[in-house]
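Order-wise, the sequence lines are chains A and B.
Remember, this note's numbering sits 298 above the position in the first sequence when you count from 1.
Anchor point for the second sequence: position 91 equals 81 in this note's numbering, and the numbering is continuous, going up by one each time.
There could be a bad hint or two in this list.
Taking lysine-lysine and the DSSO-like style, the derived pairs with C-alpha atoms no more than 27 Å apart in a straight line are [to be verified]:
| hint | chain 1 | residue 1 | chain 2 | residue 2 |
| --- | --- | --- | --- | --- |
| 1 | A | Lys322 | B | Lys274 |
| 2 | A | Lys322 | B | Lys267 |
| 3 | B | Lys27 | A | Lys362 |
| 4 | A | Lys326 | B | Lys274 |
| 5 | A | Lys359 | B | Lys190 |
Examples of chain A residues toward chain B, derived with CB under 8 Å [to be verified]:
| hint | residue |
| --- | --- |
| 6 | Pro317 |
| 7 | Leu344 |
| 8 | Glu347 |
Hints were generated in silico from the structure; no laboratory data involved.
Beta carbons are placed, not taken as given, at the ideal position from N, Cα and C, and that holds for glycine.
In case you want the letters, here they are:
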Amino acid sequence: MAEETKPDETLDVRGEICPNPDVKTMVKLKKMAQGQILEVLVDYPLSVERIPGNAEKNGHKVLKVEKVDGPNHRIYIEAKGG
Amino acid sequence: MDPLIFLGIPIGLAFGFALQRGRFCMNSAFRDIIVLKEYTLLKAVGLAILIQMVAFAALDMAGVITISPNTFFWGANMLGGFVFGIGMVVAGGCASGVTYRFGEGMVGAMSAVLGLILVGLMTTMGAFHPLVVALRGATTVTLADGANLTLANVFGIPHYMLAFGIAGVALIVWAIRSMRAKESPKKEQEKVSLNTRIFKKGWGWQATAIVIAIIGILAFVASTAAGRSYGLAICGGYWTTIQSLLLGQNLIGWLSVMLLCTILGSFIAAKIAGEAKLRAPAPKVLIQTFFGGCLMGFGAALGGGCNITHILTGVPQLALSSIINGAFIIFGCWTLAYFWFVRPMRNL
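Bound conformation, chain B alone (with noise of 0.2 Å):
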């Protein structure tokens, strides 16, 4: 066992911690945005996703990390993001909500993950195994030379001038439109100290999204070290823990060591918070969390990951199989979400 792996332990820590404290929920950050109108934790993972877009583009060039992008095969990508998305509505959380509300002790986020696990389990070596073979198998696209799918490599354009370029249109945007909104009358503040603002309160989206990406950044540095070319993920760690433990093969790598320990950190979060307990919803709602979690296991096993390996990794790197997959599982929440939630709410 490469002893580089618990590096993945003050990521997992800091970044449990950070899930917990900024309510880092991507189901919440797509869904509200047609259910209750609400941006800000989507304003928190687009800024996570430019940060480390410029600085996966600076490491490359630095050579300290190397771009890797996933595989594009969009049919499973389109089809396990849809299918994850609409997962996620059903569990009610995303794989980094129901992972942070796990450690918080919310028994409805431990009944998605056992689904999450159990499918994806079945998914990457079990019974639907052979369905995600086809799938990928049929609709595999790469450059001549095998390389995998950048937004960059497609258009023939440099990474890191795509990269800085985008990352600076959206700073332009967002200075141009901070400019143009009406002075907001500034709410009085109330006076806090730091440290009630660092474990008392919820975080800020700016902080949020700050804390996130240094975390996705120091992450991507520390697994490549351990010897896997790859930022922040979930669904894979859960995997390869519960694969060692059933068939007793030593699979435990640093993205295992890393997920353990972001439970434990948002647990730690939570408990200094004062939020920590355990409390589940009615029975009901736990078999509808646990099938949400099968989709989503199965969603992520068909598209080679869930939201954090896509949304959050992925897309920074300007892979194309994560902005297709990622705008799937944007594509599969907003559809269960405006069946669920936005018609009956607007026939009252």
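One chain only, chain A, in its complex shape (with noise of 0.2 Å):
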């Protein structure tokens, strides 16, 4: 890898239920200062695809989704501030 990530919070929703793991990271990332960098550890596969998409449509900027093992992932989420 070239750059590591440094996520100032993390967030951890494996093995939560839908919605969740969705709900959660936009709600974690409403509270985030501006250019704060959230790491969020997802196995379910549905919010894996959606949380990105939501995230940007919310102003937020992801920088990368990285499949770490099975249905495990971790989301880096940049939060645009209130």
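Hints given; two lone chains; assemble the complex.
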């Protein structure tokens, strides 16, 4: 990996049921300051597909979606801030 | 045992595969309209209904299948649908959603299925059964000749005309809307092989809808051949399987075989995509999903079916019972989703 993304906060929503990974990510991002980076750990496939799109729709910037192993993914998002 | 029930094997495997790849869950489809303003799955559900509406009408005319609407008992349809809709939000998935996630290895979905089976059986044959008999009995409406109500026979319109008409209007509206929609800049498409698109990535809504609809049509034909004149369903398959095991009666039919293969099909899909893994939420959430499953079991047993029986298979047959039951599933879903997700998010 060329460059390591350093998150300011980490949100672990592995094992959570639909739609909590999506909702918790959006709530967390809303509370973060501009430019802060959120790392989301998620293993629910539908949320892996939808969180990036929803974050972008709300003005946040998706930096990276990384497959870890099996259904586990790591998503890095830069908050747009209040 | 009729060997034709084994036609449920390929249908179930394909259905489970498509549910998992298409993430086909009506709880997400309806709930996320208000929670996330997300319409993708809703479009998949709508298109699958329309395709089946046309195909069922055509196959009925050709004498291959018989349109078989469920009995309209408005009180049981409304209450059952509403409780089912609340239950699927609590469980985090509808009947098809928890079934495909069962196959994926999500323990929360498995506990929802347990609740759905337990209270479903209590309602179809146990302690809650008298309530079902009373409410259905008091609110059943049929035509004078005893036929079950559909939008077509209520208004005296030939079935095929109404089915083709609704699909035609939907097609025209869709064509006009897509012509009016501004050309959105095409995203740079990642070049991926067909193999990756089918087996590794989640499907787009159009592909999901078309595949689910084709499976729904084949299911109706196969199930009819095995002596059951209906298409896809879920809950009844769980109940008949467990009832057979508990009571030692052989109630295993096409639907049971199809359902067991659905779970297997979604496991296979998840395994190939690298998404299969046993994973569990916190104990509190497991109890929550179990309770949600209980509500779904009660609602489906009272209203005569889950979201698949009513919305995916009943609405395309224009069954009044399914249209009302489906509307109340959505109403129940939105009611709880509003208090659980929409309001708290707004108050941030």
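Structure-based check of all given hints:
Restraint check: the Cα-Cα separation between lysine 322/A and lysine 274/B comes to about 17 Å, which is no more than 27 Å; the hinted pair holds. Our distance criterion of 27 Å between C-alpha atoms is met by lysine 322/A and lysine 267/B, whose separation comes to about 22 Å. At most 27 Å may separate the alpha-carbon atoms for a hinted pair to count; lysine 27/B and lysine 362/A meet this at roughly 23 Å. Only pairs whose Cα atoms come within 27 Å are accepted, and lysine 326/A paired with lysine 274/B is accepted, the gap being roughly 22 Å.
Among the hinted pairs, lysine 359/A with lysine 190/B is consistent with the structure: their alpha-carbon atoms are about 25 Å apart, no more than 27 Å. Interface hint status for proline 317/A: upheld, as the beta-carbon distance to the closest one in chain B is roughly 6 Å, under 8 Å. Using the Cβ-Cβ criterion of 8 Å, the hint placing leucine 344/A at the interface with chain B is satisfied: the shortest such distance is roughly 4 Å. Interface hint status for glutamate 347/A: upheld, as the beta-carbon distance to the closest one in chain B is roughly 5 Å, under 8 Å.
Going down the numbered hints, you'll see the structure goes against none, and every one checks out.
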